[in-house]
Amino acid sequence: MSELRRRPWAWLVLIGILAVVGILLAIIDISIAGKWPTPFAEAVVGPTVVQQESGKAVTLRFDRSRAGERVIFAPPFAGFDPISPYQALRAFLTNGAGLIILALAALVAFPSRARSAVERLEARHGVEIALGAGTVMVLLTLAATTLLRFTLLFLGVVPLVLLVSLVAALFGIACISLAIGRLLHRRLGLASVHPLVAALVGALVVFDLAVIPYAGVFALAAVAMAGLGLAVVTRFGSSGGWTFVDLNF
Amino acid sequence: MITCARVRVLLEAFVDGDLAADDAARVRAHLSTCADCRRQHDQAISLPFRLRALSSPVPGPSLVGDVMQAVGAERGGYRRSWTLLVPEALLAAFILWYLSGLDGLSSIASGVFGDLLSLGSGSLPHVPPVDVLLLVALIALVVVAAFHLSILVRLASPRPAHE
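For the protein sequence lines, the chains are A and B, in the order given.
Going by numbering that gives the first Met the number 0, the residue at position 9 of the first sequence is 8; the numbering climbs one at a time, nothing skipped.
Going by numbering that gives the first Met the number 0, the residue at position 141 of the second sequence is 140; the numbering climbs one at a time, nothing skipped.
No lab work stands behind these hints, which were simulated from the structure alone.
Keep in mind that a hint or two might mislead.
Label-pair distances were calculated between CB atoms; the ranges are [to be verified]:
# : chain 1 : residue 1 : chain 2 : residue 2 : range
1 : A       : Ala77     : B       : Asp102    : 25 to 35 Å
2 : B       : Met67     : A       : Phe217    : 37 to 47 Å
3 : A       : Phe243    : B       : Asp102    : 35 to 45 Å
4 : A       : Leu159    : B       : Phe93     : 19 to 29 Å
Idealized CB from N, CA, C, for every residue including glycine.
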């Protein structure tokens, strides 16, 4: 441990390992393809083999190299789709980078709120409470949006409710990423580093969890629900918490 | 000239800055000449010595009971926060069954989407017919979930320093 503590580049090694693990898991995920529930199969990264309809114009503006069609290998087992490292890399560079950028943006925009939320998450029973609150919030949102569906007046509110839930979940995922990075920092005894680097490592862990074949969708759902719950119980990381004092006048 | 015995009496008030200006000047003059009184003064101004000199407050008779009640309430709240998942799960299962499972939910979602699109085209959507039983179940789930959430919020709240 003390060996690692002296080496700040251990963080770089960790980031590299997590990135490679994510890409490898994405390769397996893509190879398993449409066998539910694999979140990074066709729905997210597109088909492993690009098929062109003859005579139909296809724009190559976003894929001029067509490397995805060349870097492809036969599946080792029958019943699986071809192994496509290029598609896996693309999945990492799109979904992984998207997740990391959103997480870091939330931390940069609301640092004090993120700190407050992470402190609450690291407190006793913090994870259980966040997960429980997330589950309750999903039920609450589903019930509320279903109720609103049966009205005409509040129909337009439904997308707003869903949007707020999505933003809350993203803020929570950012805080969870930072908490995971801090946990790894403590457990692995790594050198002190900028908190955004720790959050980046945490976001990579979340991405890796999301691309675990079959279990990934459940892991991502659990993280998203815990994030939503954390954002709600801490009122987006407010230091004051929920209070109704102002209503007692 | 002030005596050592008198200085010892005045020392505490001197350290606290409560002495009158002339008394303080006399004590200060005495300390500059008397090593014994100076040692007493040094002790008096040291924080650990002053803390030791403070008497410990006698705990009230209800202290243990209050602590145990507070801990018990927290444990009870934590337990209750999980047991509430049971009625919520039952209500959610009932609603899902009533809506014909995930198909019903997805049809509601697509209905919302379609109706919102039709709003854009200028025509008012038709509100789908709904059973009062389903509405009551949905409202009950909202109420139970909101109550559940309030318990979880209390559990997650930072404890005020004065408590």
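Okay, the hints, checked on the actual structure:
| no. | hint | in the structure |
| --- | --- | --- |
| 1 | Ala77/A with Asp102/B: 25 to 35 Å | 33 Å, holds |
| 2 | Met67/B with Phe217/A: 37 to 47 Å | 40 Å, holds |
| 3 | Phe243/A with Asp102/B: 35 to 45 Å | 40 Å, holds |
| 4 | Leu159/A with Phe93/B: 19 to 29 Å | 27 Å, holds |
Of the hints listed earlier, there is not a single one the structure fails to meet.
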